[in-house]
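Could you put together the complete structure from these sequences and hints?
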Amino acid sequence: MKVKDIYHYINEIAPFDTALSYDNCGILLGNPDREVTKCLICLDVTEAVLEEAIQSGVQLIVSHHPVIFHPVKRILDSSLLSPLIRQNFAVLSAHTNLDMAERGVNYQLALRCGLIADTLRKIPADPAQLADGFGLAGSLPQSMTPSEFAAFVKQSLGIQRVKYTDGKKEIRTVAVSCGAGGFLLDTVIRSGIDALVTAELKHHELLAAEAAGLTAVDAGHFETEQIIKEPLRQMLADRFGEIDFFCAAEEKNPACYL
Numbered sequence: 037m038k039v040k041d042i043y044h045y046i047n048e049i050a051p052f053d054t055a056l057s058y059d060n061c062g063i064l065l066g067n068p069d070r071e072v073t074k075c076l077i078c079l080d081v082t083e084a085v086l087e088e089a090i091q092s093g094v095q096l097i098v099s100h101h102p103v104i105f106h107p108v109k110r111i112l113d114s115s116l117l118s119p120l121i122r123q124n125f126a127v128l129s130a131h132t133n134l135d136m137a138e139r140g141v142n143y144q145l146a147l148r149c150g151l152i153a154d155t156l157r158k159i160p161a162d163p164a165q166l167a168d169g170f171g172l173a174g175s176l177p178q179s180m181t182p183s184e185f186a187a188f189v190k191q192s193l194g195i196q197r198v199k200y201t202d203g204k205k206e207i208r209t210v211a212v213s214c215g216a217g218g219f220l221l222d223t224v225i226r227s228g229i230d231a232l233v234t235a236e237l238k239h240h241e242l243l244a245a246e247a248a249g250l251t252a253v254d255a256g257h258f259e260t261e262q263i264i265k266e267p268l269r270q271m272l273a274d275r276f277g278e279i280d281f282f283c284a285a286e287e288k289n290p291a292c293y294l
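Under our numbering, the first residue of the sequence shown carries the number 37, and numbering increases by one thereafter.
Hints are supplied without guarantee of correctness; some may be wrong.
[What the hints assert, rightly or not] Derived Cβ-Cβ restraints for the label pairs, each shown as a range:
{"hint": "1", "residue 1": "T181", "residue 2": "K38", "range": "45 to 55 Å"}
{"hint": "2", "residue 1": "G93", "residue 2": "N60", "range": "43 to 53 Å"}
{"hint": "3", "residue 1": "T181", "residue 2": "V108", "range": "18 to 28 Å"}
{"hint": "4", "residue 1": "G277", "residue 2": "R139", "range": "16 to 26 Å"}
Keep in mind that the hints were calculated from the coordinates and are not lab data. Please read all numbers here as calculations on a predicted model, not as lab measurements. C-beta: ideal position from N, C-alpha, C; glycine also.
Okay, structure coming up:
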């Protein structure tokens with residue numbers, strides 16, 4: 037199997053043409069025709085992930101966040117791209133297309149937040165928003181108080197600490213949007229959904245949620261997205277039995293908490 041075969045499979049389950057316009061997805065580094073026997077799956081290509089890839093002898097790294105996001109004008113030895121090129125790695129990045137995929141990041145986040153799979157539906161976006169259906173909404177099997185729900189999300193995602201607004205009402209319906217999903221806040225409020233789970237909520241967004249009686253749980257960018265690694269590994273392993281797929285073991289949230 038070659039790098040391009042894995043690209044074509046990911047394109048089937050998370051079409052690259054669905055990625056948001058600002059995004060940069062696909063085979064971003066290396067030779068599409070390179071043979072692959074080992075593949076490392078990660079959230080971010082960091083120095084720790086690079087070292088793990090070298091030690092493990094992989095040919096391909098599949099990352100969620102693009103290894104090249106903004107235009108590159110130079111590649112110096114101090115750049116992470118330099119050793120990636122020297123080591124002849126191929127890097128394939130699947131970002132917002134994987135967020136929105138049928139069994140992608142938002143789907144996995146919804147399941148981790150306890151939502152019933154059969155109740156999941158896309159959240160329609162206003163024309164001014166980034167993408168139609170970027171988030172998902174669904175129902176819990178039983179209602180929770182805001183503090184119970186926040187504690188459940190914290191435990192399920194393995195978060196050190198979680199911040200949330202108290203919507204002052206029982207939670208039965210929940211919207212989720214991995215990463216920075218504050219742009220969905222107005223839509224979620226107008227829809228009458230009881231809670232929103234996302235990350236990187238700004239102060240004014242927390243104020244708006246509280247005023248609207250919405251329980252908004254900021255569960256962290258890293259924590260709401262790293263959950264895709266194992267499901268993606270399993271999907272790839274089921275399709276390509278001859279390749280050894282494994283998740284990066286050295287990834288951690290760069291943020292420290294006291």
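Hints and how they fare:
1. T181 with K38: 45 to 55 Å: Between T181 and K38, where Cβ atoms are some 52 Å apart, the hint holds.
2. G93 with N60: 43 to 53 Å: violated, 27 Å
3. T181 with V108: 18 to 28 Å: 49 Å Cβ-Cβ, so the 18 to 28 Å window is violated.
4. G277 with R139: 16 to 26 Å: Distance hint for G277, R139 holds at roughly 19 Å.
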